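Participant: Residue numbers (my numbering), protein chains in the order written: chain A, 1 to 328; chain B, 1 to 391.
Worth double-checking, as some hints may not be accurate.
To be verified - Calculated pairs, DSSO-like style, for lysine-lysine (alpha carbon to alpha carbon, straight line, at most 30 Å):
no., chain 1, residue 1, chain 2, residue 2
1, A, Lys-184, B, Lys-137
2, B, Lys-137, A, Lys-186
3, A, Lys-131, B, Lys-81
4, B, Lys-137, B, Lys-81
5, B, Lys-81, A, Lys-143
6, A, Lys-143, B, Lys-301
7, A, Lys-143, A, Lys-186
No wet-lab data here; the hints were simulated from the structure.
Since this is a predicted model, take the numbers as computed values, not measurements.
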Amino acid sequence: MKLCGTGIVFSGGRGLSALEAALAADFAPRSSFTVPSDVLKDRAVLGEMRRADRFSKMATLAAYDAVAESGVPIENPERVGVIFATAFGPHNTTFSFLDEILAYGDAAVSPTVFSNSVHNAAVSYISNTLKIKGPTWTITCFKNPFQQALQLAQIWLAEGRCDQVLAGAGDECGTVLNYICSQKLKIAESSDQMRPFFDPAGPAVIPGELAVFFLLSRDTTGGIQMELQTESSPPPDLLLVDFESRELDMRAGRVPAGCWSHRAGATPVSQAFTCAVAGLMLKKKNIYCAADMLNGRYGTDRDFSGGFPLRMKCGGRIYMQIKGKEKR
Amino acid sequence: MCDPVLITGMGVVSAAGSGLHESLQSMAAGERHAGPLTLFESPVQLPVFEVRGLPPRQSPDRMRTMELLELALAEALAMAKLSPGSGLRIGTALGTTVACQLNDLNFYSTWRETHSAPLDSVDGYLRGNLAEAVAEKLGSDGPHLVVVNACSSGTDAIGAALSWLNAGLCDIAITGGADELNRIPLAGFKALGVAGDQPCAPFDANRKGLNLGEGAGVLILETASSAARRGIQSKLRVCGYGSSSDAYHLTAPHPAGEGLTRAIHAALQQAGIQPSEIAFVNAHGTSTPDNDLVEGRALLKLFGPDIKVLSTKGYTGHTLGAAGGIEAVFTAAGLSKGWIPGSAGFQTLDEAIGLVPTLGKTEISGRYALSTSLAFGGNNAALVLGMEESS
Chain A
1 MKLCGTGIVF SGGRGLSALE AALAADFAPR SSFTVPSDVL KDRAVLGEMR RADRFSKMAT
61 LAAYDAVAES GVPIENPERV GVIFATAFGP HNTTFSFLDE ILAYGDAAVS PTVFSNSVHN
121 AAVSYISNTL KIKGPTWTIT CFKNPFQQAL QLAQIWLAEG RCDQVLAGAG DECGTVLNYI
181 CSQKLKIAES SDQMRPFFDP AGPAVIPGEL AVFFLLSRDT TGGIQMELQT ESSPPPDLLL
241 VDFESRELDM RAGRVPAGCW SHRAGATPVS QAFTCAVAGL MLKKKNIYCA ADMLNGRYGT
301 DRDFSGGFPL RMKCGGRIYM QIKGKEKR
Chain B
1 MCDPVLITGM GVVSAAGSGL HESLQSMAAG ERHAGPLTLF ESPVQLPVFE VRGLPPRQSP
61 DRMRTMELLE LALAEALAMA KLSPGSGLRI GTALGTTVAC QLNDLNFYST WRETHSAPLD
121 SVDGYLRGNL AEAVAEKLGS DGPHLVVVNA CSSGTDAIGA ALSWLNAGLC DIAITGGADE
181 LNRIPLAGFK ALGVAGDQPC APFDANRKGL NLGEGAGVLI LETASSAARR GIQSKLRVCG
241 YGSSSDAYHL TAPHPAGEGL TRAIHAALQQ AGIQPSEIAF VNAHGTSTPD NDLVEGRALL
301 KLFGPDIKVL STKGYTGHTL GAAGGIEAVF TAAGLSKGWI PGSAGFQTLD EAIGLVPTLG
361 KTEISGRYAL STSLAFGGNN AALVLGMEES S
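Excised from the complex, chain A in its bound form:
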């Protein structure tokens, strides 16, 4: 699948320029990874979504930006699909609905809050905003949710169900989920105290929130390609390890590896963030090597000055590479 456009909303801001700035910046300790509220203010895109929650707004902006970044407007909306992966969905709105029940009783709750509390509300807003009329799906898993979305996108394109698919993932922070995380995980006091799962001292994380979308097309010949690894896939030049995915394939140190996902905090959909990082590095032909990444605590000491890595494996089985003219 050809990666035609990427949209991202995360604690560092919105869009690839914000991602690039966050990756290029020196590492500064921080205590949270929530999306600033001003990032979600965009009347042009979200004007019809006054009643939508943060979760839907994050997802819609990321989807909108993925299309915009491709540089080509959607021509045939009936041939475009959406697959959005999430682990926890809009749980803050679910809890708001529970607040309504507790405050007013079951028979006097807000239909609007209920409508926004269902998992597929975000994708409904996306299809309404972008006028997409193909299959528009929301899926949920706790293990590799984005990889499942990407795999299905690959099949939809291959079987001709769609000509383009917006595949993405998102999850949000919240006080209840923070409490659950505090009981289930070791929470770091600040981001410079975060430790990946492979740290000998054990993992320590700060929950994060983000939404990422990729606009994908069927073209398998050129540009930045995104696919699931097969037995015939050549070995990667660089492994991008998810901070908290508990999956490490360092191939006994033969393949350089690094971890970038902790720049967005810990989320169940970090794999999507990692793919956005890989896509940006392939696009810019630059390996962002802040002190906490490559050459530092969480990455390889490999020097890439002799040749840019063309093939990147992004946790799980997701594989990204440059093909065709883009190589040069």
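Keeping the supplied structure of chain A fixed, place chain B upon it in accordance with the hints.
Facilitator: Chain B alone, transformed into the frame defined by chain A:
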């Protein structure tokens, strides 16, 4: 040419019955098991379709949805002669709505008061991803996902399974949907004004709204070559699936049924058949004024006035994420048995729709049937099931 995808196992549980045989018997007799709410306390007192006589929970923090799923799964696995640890390439695609939400009111109210709460129900939720739980039970490492497209989730999950099998990602797929009757959506649907205070009456002129139900419907889909290797025979097939979005409104369907029509066309196209080859339609038919008007008109426009249409929600209630799975099982059973039940609850023609669904047990002939789902959020899904002709 893709290897045909067979239905080698089916299991179902709903208010209509536990197991396919019991469900078909009760529907053939026109029995309706709607009643008052007994599962939990709620000031919202509306007719519901509860599953009675469910075995005691295996553990208190286990979701009821999982218990319903396990019942249907056991029946389907037995029919398909599949057992855990079979070493086969198995994928799992299931639909739900309730099981994906962390909406335990006891946990939340305790947390709200004290900012601390026992995590038993959270643990149940984290272990309750239907696809991950089933994959773990079967020892399968194939593709797995839970579709959460509201009321079309079960039908869409079957569509995902079909795509996986056609793409060669697995040889067998466990698919369908499961959902429990739950206090939160009951309050939500009441607030939306779509829940009726009378037993539901799909397509009837005097329909007052939907009744919530619960249950699970599971299908074992398998490539013909895998079934042949295992010595399993089945004439039932999944032939086509289509999906579309209205891009119209968060909660209301497109008034002209434009998205539903496209989903049906896509399913027919994948099946390689014409509308005239459809023997009957198991419609979404929720009994809400909007859904039945839009769906009924669209079906008549596509298939003509002689098409046989029923909604089995008159026997099961609206089981949300389970509906697509349950209705696919009933649709396949209709093709296999050569009859479909009457569309329970219908009495009076709605002139605005012009559709008279099946009035009683109805014989059908033909090789193909359609099951449709419309969902909150503007999703539409259609599934074409087929039956191989007897040689």
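Participant: If you test the structure against every hint from before, which numbers come out violated?
Facilitator: 3 and 6
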